[in-house]
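Turn these sequences into a full structure, and let the hints steer you where they fit.
Protein chains: 2
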Amino acid sequence: MNKTKPLILITNDDGVSAPGINTLIAVMSEIAEVVVVAPDKPQSGMGHAITTNETLYLNKISLENDPVLIYSCSGTPADCVKIAVNEVMKRKPDLCVSGINHGSNSAINVIYSGTMSGAIEAGIEGIPAIGFSLLDFDWNANFEEIKPFVRKITLEALEKKLPHDVVLNVNFPKLKQKEIKGIKICRQARAYWKEKFHKRKTPQGRDYYWLSGDFVNEDHGEDTDEWALNNGYISIVPVQFDLTAYHATQQLNSWNWNE
Amino acid sequence: MNKTKPLILITNDDGVSAPGINTLIAVMSEIAEVVVVAPDKPQSGMGHAITTNETLYLNKISLENDPVLIYSCSGTPADCVKIAVNEVMKRKPDLCVSGINHGSNSAINVIYSGTMSGAIEAGIEGIPAIGFSLLDFDWNANFEEIKPFVRKITLEALEKKLPHDVVLNVNFPKLKQKEIKGIKICRQARAYWKEKFHKRKTPQGRDYYWLSGDFVNEDHGEDTDEWALNNGYISIVPVQFDLTAYHATQQLNSWNWNE
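Each protein sequence line maps, in turn, to chains A and B. Last residue of the first sequence: 288 (the working numbering), numbering continuous. Last residue of the second sequence: 288 (the working numbering), numbering continuous.
Because the hints were derived from the structure by calculation, they are not lab data. From a predicted model like this one, the values you see are computed outputs, not experimental measurements. Accuracy of the hints is not assured; some may be wrong.
Note: identical chains are not told apart, hence a pair may lie in one copy or across any two.
[To be verified] Subject to a maximum C-alpha distance of 25 Å in a straight line, what follows is the list of computed PhoX-like cross-link-like pairs (lysine-lysine):
#1 230 - 89
#2 203 - 223
#3 225 - 119
#4 223 - 190
#5 89 - 121
#6 223 - 121
#7 89 - 34
#8 121 - 225
#9 190 - 176
#10 230 - 119
#11 89 - 225
#12 89 - 228
#13 223 - 119
#14 70 - 230
#15 190 - 119
#16 89 - 223
#17 228 - 119
#18 228 - 121
#19 190 - 34
#20 34 - 119
#21 203 - 176
Below is the structure:
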């Protein structure tokens, strides 16, 4: 083991056997010592859930002489980061990377994203962190095209040091490598999901619902992640976990709270 | 039905049968037409999870002539708000209130909170929203003491209109009504949980873990929610769901992304 190598923790929300995480393992292994702790099943849409009312299991998947230590965990991405840092890793990692998610985590999707919750959990624990997502929901999505960019972004973050309490939300357009125009630092587009509930009946006649929806982006700003992705760029949104709406405090302080 | 009454949606994360939500129903019924859609089981720590890989069930609990329409839903608090707005309510509610949570959602807890995810989901959908939490985990916590404050905050929000894309995170100290010093607009304290994993063995000898931890607040600012709560005040943090760390964009734009 080269002592000068950085130590990188890898997690995701699609589960330890997803192709996206294997791409991350391949890229990170070239530049760092790597430990993987990822969910044992898909955890998409889990937001920043943690498991306190159920037990957690941790299973070592890698063999004794494998170059990368790989564990699966029965919990959420946030659980995976917590248990990795406290029970698996010998020292605090230099970086945590999460993904590569099969599907977008741009705009408001960051709120629902298990991938980003893994990265944000690391950020809360004082570990620099990046979440990576590719705009392709296909299980067999082509992650080869974006490998050089994943490497570039990771090396830049390791060298320049991320700002304190800031996590990167990186989304890749579904394009060939040579079609990608470059990387843009963006803000989160103001968008939402217009839900559609599909009402069906069980064979026994009981109503049930499937949640789905259409993504609605009414924010056409050219500084948004949606604009970047729609115009051939990789979007990077710096994300914070201090949710305070500082711009609103003055107005709220003018209300009659204590009369 | 009085047509001038506002329409309020109530949800929570402790489940439809929790004492905390009954307090909200009692207070809101005095000032509004009320619809309740809440999880059919506790959903604490669920963060902003949504259910897209499983079916959702919606059960009407209230009887035909009950003054309040009450449903339980098999999903998360965010699911409850989505299904309430799309499948239950005849029009968009004037306000969504979530809670009253049995336990704190101050500081970084807002990220893990199912209660706040219900309120934030409403905010994303353009509905003014407030999450209420009492710093008492006891199922039999005394919610009577804080009723007048819940009413006051709700009426103020209905009258003055909340700032756009801002949701209120309200936390109450565990005090008698007359001991509470007042209401303070605060920022989220910079704090974290120092995890403790309790490692045990199943009867069959397999290791498993319980996640618990100690809350560590290193932020002693007198403008924080933690300071307010520790000094006898009700804390209100305005919360946003645009997670962009705008202060970090300048620094990130100085990096060599496209070389």
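Hints, verified against the model:
1. 230 - 89: Answer is between: at 16 Å across copies they meet the 25 Å cutoff, but 41 Å inside does not.
2. 203 - 223: The answer is within: 23 Å in one copy meets 25 Å, while 39 Å across copies does not.
3. 225 - 119: between (46 Å within a copy, 16 Å between copies)
4. 223 - 190: between (38 Å within a copy, 24 Å between copies)
5. 89 - 121: Within one copy, since 19 Å is at most 25 Å while 49 Å is not.
6. 223 - 121: Classified as between; 13 Å across copies, 41 Å inside a copy.
7. 89 - 34: Within one copy only: 23 Å inside, 58 Å across.
8. 121 - 225: The answer is between: 15 Å across copies meets 25 Å, while 43 Å in one copy does not.
9. 190 - 176: within (21 Å within a copy, 48 Å between copies)
10. 230 - 119: Answer is between; shortest inter-copy Cα gap is 22 Å, intra-copy 51 Å.
11. 89 - 225: Cα proximity of residue 89 and residue 225: across copies only (20 Å, versus 40 Å in one copy).
12. 89 - 228: This pair counts as between: shortest inter-copy Cα distance 16 Å, intra-copy 41 Å.
13. 223 - 119: between (45 Å within a copy, 16 Å between copies)
14. 70 - 230: Classified as between: cross-chain Cα gap 22 Å, same-chain 27 Å, threshold 25 Å.
15. 190 - 119: Intra 22 Å, inter 51 Å, cutoff 25 Å: intra-copy only.
16. 89 - 223: between (41 Å within a copy, 24 Å between copies)
17. 228 - 119: Result: close only across copies, 17 Å inter versus 50 Å intra.
18. 228 - 121: For residue 228 and residue 121, only the inter-copy Cα distance (20 Å) is at most 25 Å; the intra-copy one is 47 Å.
19. 190 - 34: For residue 190 and residue 34, the Cα distance is within 25 Å only inside one copy (15 Å; across copies 54 Å).
20. 34 - 119: within (14 Å within a copy, 59 Å between copies)
21. 203 - 176: within (13 Å within a copy, 52 Å between copies)
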